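As they're listed, the protein sequences go chains A and B. Residues in the first sequence are numbered consecutively from 1, following this note's numbering. Residues in the second sequence are numbered consecutively from 1, following this note's numbering.
It is worth saying that the hints were derived from the structure and are not from the lab. What you are looking at is a predicted structure, and each value in this text was computed from that prediction instead of being measured. Treat each hint with caution, since some may be false.
One copy or any two copies: either way a pair holds, since identical chains are not told apart in the list.
Listed below are the simulated BS3-like cross-link pairs for lysine-lysine, each with C-alpha atoms no more than 25 angstroms apart in a straight line [said to hold, decoys possible]: (1) K15 / K114; (2) K359 / K288; (3) K288 / K382; (4) K133 / K276; (5) K24 / K62.
There are 2 protein chains.
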Amino acid sequence: MFDYEDADELTKFAKQIEDLIHRKQYAQLRDLLLPLEAADIALLMMESEEQILPLVFRLLPKELAAEVFVELDSDQQEMLIQGFSNVELKEVLDELYLDDTVDIVEEMPANVVKRILRHSDPDTRKSINEILKYPEDSAGSIMTTEFVDLKASMTVEDAFKRIRRTGPDKETINISYVTDAGRHLLGLVSIRTLLFADDSEIIEDIMETNLVSVTTLDDQETVAMALSKYDFLALPVVDTENRLVGIVTVDDAIDVLQEETTEDIAKMAAMAPSDKPYLKTGVFETWKARTPWLMILMLSATFTGIILTKFEDSLAACAILTSFIPMLSGTGGNSGTQASTAVIRALSLGEVRFGDLPKVLWKEFRVSIICGICLAAANFVKMMLIDRWMMQNPDVTPLVALVVCATLVGTVLCAKLVGCSLPILAEKVGFDPAVMASPFISTIVDSLSLLVYFRFATLILHI
Amino acid sequence: MFDYEDADELTKFAKQIEDLIHRKQYAQLRDLLLPLEAADIALLMMESEEQILPLVFRLLPKELAAEVFVELDSDQQEMLIQGFSNVELKEVLDELYLDDTVDIVEEMPANVVKRILRHSDPDTRKSINEILKYPEDSAGSIMTTEFVDLKASMTVEDAFKRIRRTGPDKETINISYVTDAGRHLLGLVSIRTLLFADDSEIIEDIMETNLVSVTTLDDQETVAMALSKYDFLALPVVDTENRLVGIVTVDDAIDVLQEETTEDIAKMAAMAPSDKPYLKTGVFETWKARTPWLMILMLSATFTGIILTKFEDSLAACAILTSFIPMLSGTGGNSGTQASTAVIRALSLGEVRFGDLPKVLWKEFRVSIICGICLAAANFVKMMLIDRWMMQNPDVTPLVALVVCATLVGTVLCAKLVGCSLPILAEKVGFDPAVMASPFISTIVDSLSLLVYFRFATLILHI
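In isolation and in its complexed conformation, chain A is listed as follows (with noise of 0.2 angstroms):
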């Protein structure tokens, strides 16, 4: 097992695979790879010279081979087809799970996908074709059409004959779903109570009849969140007609909420979603993802700008106020984003729901008058005896800290209460949460923080 951080162990074997093949010795390269895991083949892979690819993938015995295929990149496995011959890559396709054909397919071009399905078998190819039709981010896309299915009137001997008949090819074994004649879904047994029940015994009296199952055009996150709260190890999905069509398993779920967290992550950062990986992202993609919520908050910092305009007079009256106006800002857009991304998780957790919005602003209000007070007192020291009195800068006058110290107790109350709305109010009207992050409120507070500033200078300081 390769560890994450250490980047010297992986390059050092991956060099030694070089060193194999140059020096033409196959048949330790295949002793040396044969007891690793199929996921770090494919990362060695992915660290050594394109070229050795397909010779290192015709070394491994084919079960393993299909592994590591899967494991690899769409960049990597796309000329690893291009180089199969067709007996090759219909054994390698033999070898996949329909889920982890169907990934493939989505991602090559439209001739390797035309190939891969001229080489599949009929029935495969008609479930490729089903699982395609369904929408991206769906349940049914993600899904599994290849499950073991059981008869309600079974003996639990007539259930271990048929899993050990059709297990093989079967995503999972653990859990084997009961269907009626119409195929609709009836309940499911899994392997332990399958193991610890007599073998006369009838599937119906054993089965489990509260069943959690997913439709095809669920959102696959709302799969993964079930998945991961019922702790289960696969969820039915059926069509809206309650017949079953496939199942999800539990590790496609971990990659579901891995995958759906990165995109929350970089919608909270004002990046349009990438569902690959930071470095095999090019330039002009990483831009384009970047670019346009950079143009529209700037653009919307023009309101700002108009603010400062309006009070040039003021600040001209007392210069010093312009220097605390970084300050302020980055404090109060600080207290937003904190909020905003406090309730953002608790949303996507699940933990938070549009009606608990009165509980939200009660506890962001108080959270916000302690933190801002503490804030204030602690800025007032510093203004007093950093600015003033080690900096000698006469300009900071007591009354001029108390216009400051007020500002930052309205911002962060200001801040914060947008800031944890905000995200709620998102979700109600359908909108994306992750989106009102930390740049979008940053933008908001500090025109908010600016008039508060000035209306407080303006009580205080009568200019």
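With chain A fixed as given, assemble chain B onto it according to the hints.
Just chain B now, with coordinates in the frame of chain A:
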């Protein structure tokens, strides 16, 4: 299955339960709850009045009651335990899996822990005490010691007999572990392999010996990432002498991944991470988690203040420059946030390592140049069209626009380079890269962008 977003359904159901209790219709209540999943009953209990919990709990069959118990908040668990008779406590404890008992014990006050340990059977008590010894967030602290172990010399038939005999108390029977007389881990065998093997085959011949294992002191995140990477259902945990001491199952790995992500997100928003849900965290606790970073960031904004004071004369000579400061620092902050967030996530997914720093810098350099030029162009047009022509502000000259736009390019460049490199450097020296996220970087970038701004202003406007 309750949808996370569908709060109405949940509230309606909770009301129905309270109603049945007030009318003392316990049989109906039991029928209403029985078809539900334990996680959903727990969700309902958290929505309902607190005093009905013990009543509902006693209505449920023992096994389901124990499952619900595990899903409750620690506050509610404590309340229930306080109300349990000794016999009841023992019954619940007997139904719990060991790792769940440990999780509960970790959250309870000392007197409750003592009571739990007193009523656990001696073997369980010993195991609990063992697991409690491991450091928080280590593999040892999240593992369970309830796994199926086999001997290499057993036949498949023997193995099935052992699984049937010892399995009912085990967390999973999907994978069995093969150990020698000294409890050293030799291999593993899945229930699938056992089912497809002949009864007379010897475990040694069919077991998987290329093992991925973790040690008790490995970080829980390493364990979870390994389970996710290799698509395993469980991972063996060994001590320093390769003796098998426990296993971590995939459901716990999902919880760890979610928890660690929540922590990362909190840190990225300049908050101390909390392991409680948002609404369960008290005002004081939230304040404590948020104030320190706000304070540090506020005080570090002193530098920007000093820079502004230093250039007070330049600003007085060309007052319009002030009004673009928020836009510049906002854009700088946002650009930096994008780069740092993308890199932090890539680090935590293992996609980027220290050795990739030059690649990352080169990528961000190119992205920032294109981004900067686009933003500068848009901003030039906006300043000329809106600020000068529409708002009729004669102070916005093409030369001023040039200063602002040149600063934009410089700021975006600085921000992206600082943003992408700080998290990588932080990880290298052993700090948490998540802390290097937006708020921290904004503060640095603010100062840099002001310096660039006044440099260009001096150069171009000769002030």
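Within, between, both or neither: K359, K288 at alpha-carbon 25 angstroms: between (39 angstroms within a copy, 19 angstroms between copies)
Checking K133 and K276: alpha-carbon separation at most 25 angstroms within a copy, between copies, both or neither? Classified as within; 23 angstroms inside a copy, 41 angstroms across copies.
Go through the copies and call it for K15 and K114: within, between, both or neither, with a Cα cutoff of 25 angstroms. neither (36 angstroms within a copy, 56 angstroms between copies)
How do K288 and K382 come out at 25 angstroms by Cα distance, when the copy is not named: within, between, both, or neither? between (43 angstroms within a copy, 21 angstroms between copies)
Pop the pair K24 and K62 into one bin, within, between, both or neither, using alpha-carbon distances up to 25 angstroms. Within one copy, since 21 angstroms is at most 25 angstroms while 64 angstroms is not.
Figure legend: structure checked against the earlier numbered hints; the only hint not met is number 1.
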